[in-house]
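Visitor: Taking the hints into account, I'd like the entire structure generated from these sequences.
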Amino acid sequence: MSLLQPKMLRPMSTSEAIAYAVKQANVDVIAAYPITPQTIIVERLSEYVNNGELDAEYVAVESEHSAMSACVAASLTGARVFTSTASQGLALMHEVLYVASSLRCPIVMAIANRALSAPINIHCDHSDVMGSRDAGWVHIFVENGQQAYDRVFQAFRLAEDEDVLLPVGINLDGFFLSHAVEGIATISDSKAATFLPPRKAKYYVDSSMPMTFGAFALPDWYFEIKHQVAIAMEKVPKKLEEVEKLYYQMTGRIYGHVGAYKTEDAEVGLVCAGSAAGTAKYAVSRLREKGIKAGLLSIRLFRPFPVESILPHVKDMRALVVMDRAMSPGAPSAPIGQDIKTMLYDAGLRRNIPVVNFVYGLGGRDISAAEFEEIVTKVAKDVKARRRIQRGTIYWGLRS
Amino acid sequence: MLVGEVKSIRELYGLDLIAPGHRACAGCGALVGVRQVLMASRRPLIVVSATSCLEVTSTPYPQTMWKVPWVHLLFENAATAASGIEAALKVLSRKYGRQEHYIIAFGGDGGTFDIGLQALSGALERGHRFLYVCYDNEAYMNTGIQRSGATPLGAATTTSPVGTKIVGKTQQKKDLLEIVAAHRIPYAATASPSHWKDLANKVRKAQSYDGPSFIHLIAPCTRGWYFDPSQTIKVARLAVETRYWPLYEVENGRYRITHPVPNPKPLEEFLKVQRRLSHLLLPENAEMLERLKAYVNERWERLQRLSVCFA
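First to last, the protein sequences are chains A and B. Going by this note's numbering, the first residue of the first sequence is number 5, and it counts up by one from there. Going by this note's numbering, the first residue of the second sequence is number 221, and it counts up by one from there.
Hints may be right or wrong, so weigh each one.
As the list claims (entries may be wrong) - PhoX-like mimics (lysine-lysine), calculated; alpha carbons at most 25 Å apart, straight line: (1) LYS310/B / LYS206/A; (2) LYS385/A / LYS319/A; (3) LYS243/A / LYS195/A; (4) LYS385/B / LYS206/A; (5) LYS310/B / LYS204/A; (6) LYS485/B / LYS204/A; (7) LYS315/B / LYS195/A; (8) LYS206/A / LYS315/B; (9) LYS315/B / LYS204/A.
Unchecked claim - Which residues of chain B face chain A? A partial, calculated answer using Cβ under 8 Å: (10) GLU275; (11) TRP286; (12) LEU293; (13) GLY304; (14) ILE305; (15) ALA308; (16) LEU309; (17) PRO381; (18) PRO503; (19) ALA514; (20) ASN517.
Said to hold, decoys possible - Ranges of calculated distance between the beta carbons of each label pair, as one might list FRET restraints: (21) VAL223/B / ILE126/A: 28 to 36 Å; (22) GLY364/B / ILE229/A: 20 to 28 Å; (23) THR378/B / LYS230/A: 27 to 35 Å; (24) ILE399/B / ILE126/A: 30 to 38 Å; (25) LYS454/B / ILE126/A: 56 to 64 Å; (26) MET254/A / GLU320/B: 34 to 42 Å; (27) GLU228/A / TYR233/B: 33 to 41 Å; (28) GLY431/B / ILE126/A: 32 to 40 Å.
Calculated directly from the structure, the hints in this document are not laboratory data. C-beta: ideal position from N, C-alpha, C; glycine also.
Guide: Right, here's the structure in full:
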């Protein structure tokens, strides 16, 4: 990245960067429905198709339910398939998401994360993806446009791997990322084609091998079929690592399952996902200047939850601050908080590393570096004074 | 092959695309109709099914009845699944030389009239080349006979029972074919398994068009309509002969009654053989019977006028 000349960077919004990558990925079918804030992605793709720059079928469906339904059907025929949605759209797709993963369709979907109604709100939070986190999809969070662009290629390569065959969601924060313009280092079309040759499905819908897709399975088989999704999911961390290595050789860019910053000697770890990672990183460097040993862990691979990649960073920390941009009303923790606590419990670190779980930024409410500093400073003080760390879920940034 | 008019049933011998041993009820009108549609269909063929009796009885994992590629996703999205397959094969054939296929989507009346209407409308509007066949047994039979938008006036179902205050369904049947025809698709028709030649030729005609087509198939249900399993085809024939189920087509907007019924049998003949409707013959339900008769007559007369217009 550091060796790049400025002229090699193309100014693009994250949405445009994703659309450009999807074009270079030479997808066959796009089925999508407009919803803010992902609309730019499908607008650009429509232009590519209508201008003959991308040989694909754009199915302009009448709902997100149909978007995902058409994607699943197209994927079963062996096509490379992409779609994009957000918020209510993802919620409307909900039942189809499970069909996509259980029928092992390597669909890639960009999710411009947005709050869920009511009240209706078009701005960012992670309620949409958290509501569908158990649907059997691989979920990746990106922190900027460059990651979003790169992850498109990696996502297809990962999804279409015969040992994986799972759909992948690329989560980008609505507006914060979807509409933010930055310089993107792109790869050439030929490199894209080498990294991602046309999909070669082993089984597909065709009269040359008539097969039944989507049969009716009763208690004697249903459980085994569902279990295969869990088995495939277990293979994802290692497979993504391999895919990233290949991509690194081509581009020099690698992201990993988690983004770690100054975690080596950190006493208080800050955990978050999405665009807040950049702000949090700045906050951590400021805290270090003040002598507070803070570290950052940004969750980049969210499903499967990369326990093995997170543990080495946190095992010697004295407290974790987990920032969730979604709530789970009535649950003991918010979604990422639940995962982190389960991870620590299983690793036998429950007593060593207390977790403070914050719910922040719902409906697009911004969070500043100063706020991250304030939160971590307080926890660091408690740690130093050996005071009991506050437990439970704290709703941060509410009007008083 | 499989494109011209079917003149003799011998032409359909050996063209079965479903294996014996499926788990539908004895005398299932849907399976008879589906089998006829498939025998008449052009090939190579891909079949899509909505969640329905057809799907449940034909694919108890790890077994399948289907000799053709078959896809089922959910209840309300058979038309969309067909769209996705059609779009994919179009582009895969263009880019990589994959063979294109004919596509038939089957949905029951619940999956078509009600929960799947939006998906159907979208697919018709987008103009995908596929044939959608709604096999209509006039209620949610798979879940145990609940009323749907296709259930006729007065019919007893488990959610429109014959009570002491309210007798059966209080609303008329939705006129689905008119909704479909309003999309100005090239071909839409009704059919009945009792009139196999009419049905077979409608399938052939539907598949000759490079766009969406639709067949509305009556599917008498022994469990939900309450008649002896040996009587399925007779009940279907009575539906046609009483003008309850007019056989007609809308081809490029032109209406034509394909099986004229100049001397119809009284509607009572159709009602009395099924326990779901026979209570309409009781004196206390005379008003409801008249409303149902009026619906049937008005529909027929309208179709006749339209057929004359386009003759």
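Visitor: Does the CB of PRO503/B sit less than 8 Å away from some CB of chain A?
Guide: violated, 45 Å
Visitor: Within 33 to 41 Å or not, the Cβ separation of GLU228/A and TYR233/B?
Guide: holds, 40 Å
Visitor: Under the criterion that the straight-line Cα-Cα distance not exceed 25 Å, is the pair LYS243/A, LYS195/A satisfied?
Guide: Answer holds: LYS243/A to LYS195/A is near 20 Å, not above 25 Å.
Visitor: So if I understand the rule, the pair passes when the alpha-carbon distance is 25 Å or less; does LYS315/B with LYS204/A pass?
Guide: Holds, at about 13 Å.
Visitor: Do the alpha carbons of LYS315/B and LYS195/A lie within 25 Å of each other, as the hint requires?
Guide: Distance ~20 Å between LYS315/B and LYS195/A Cα, so the pair holds.
Visitor: Return the status of the interface hint for GLU275/B: holds when the least beta-carbon distance to chain A is below 8 Å, violated otherwise.
Guide: Holds, because the Cβ-Cβ distance from GLU275/B to chain A comes to roughly 6 Å (cut-off 8 Å).
Visitor: A range of 56 to 64 Å was offered for this pair. Does it hold for the Cβ distance of LYS454/B and ILE126/A?
Guide: holds, 59 Å
Visitor: Verify the interface restraint on LEU293/B: the C-beta must sit less than 8 Å from at least one C-beta of chain A.
Guide: This hint holds: LEU293/B lies near chain A, its Cβ roughly 5 Å from the closest one there, short of 8 Å.
Visitor: Could you grab the alpha-carbon distance between LYS310/B and LYS204/A and see if it respects the 25 Å cut-off?
Guide: holds, 17 Å
Visitor: Quick one: are GLY364/B and ILE229/A within 20 to 28 Å, going by C-beta?
Guide: holds, 26 Å
Visitor: Between GLY431/B and ILE126/A, does the C-beta distance stay in 32 to 40 Å?
Guide: holds, 37 Å
Visitor: Checking hints one by one. Is ASN517/B an interface residue toward chain A, by the C-beta closer than 8 Å rule?
Guide: violated, 35 Å
In this structure, the hints that do not hold are numbers 4, 6, 17, 18, 19, 20, 21, in rising order.
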